[in-house]
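Produce the entire structure from the sequences given, and follow the hints as far as they go.
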Amino acid sequence: MDIVGVIIKMVYMLIHAVLVAMGQFLRLVQPVRRGQQEQQVAQAQREQQVAQAQWGRQE
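Quick note: the numbering used here has the sequence shown finishing at residue 59, numbered continuously throughout.
These are computed hints drawn from the structure, not numbers from a lab. Predicted, not measured: the structure shown is a model, and the values here were computed from it. Every clue listed holds true.
SDA-like mimics (lysine to any residue), calculated; alpha carbons at most 20 Å apart, straight line:
1. K9 <-> V20
2. K9 <-> A21
3. K9 <-> L19
Following this line, the structure appears as structure tokens:
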């Protein structure tokens, strides 16, 4: 096997390893982000309910 073939194969393996690692990283990160979004939505809903309750008392 010539040197060019070896280099091409090494580059291919490197790119493949990087893509696999990125895929696993995204699979780990995505549920965390989804959980944070749910917490933010719940917090916004609580704040809105508190604001509505305070507005109701003022009237």
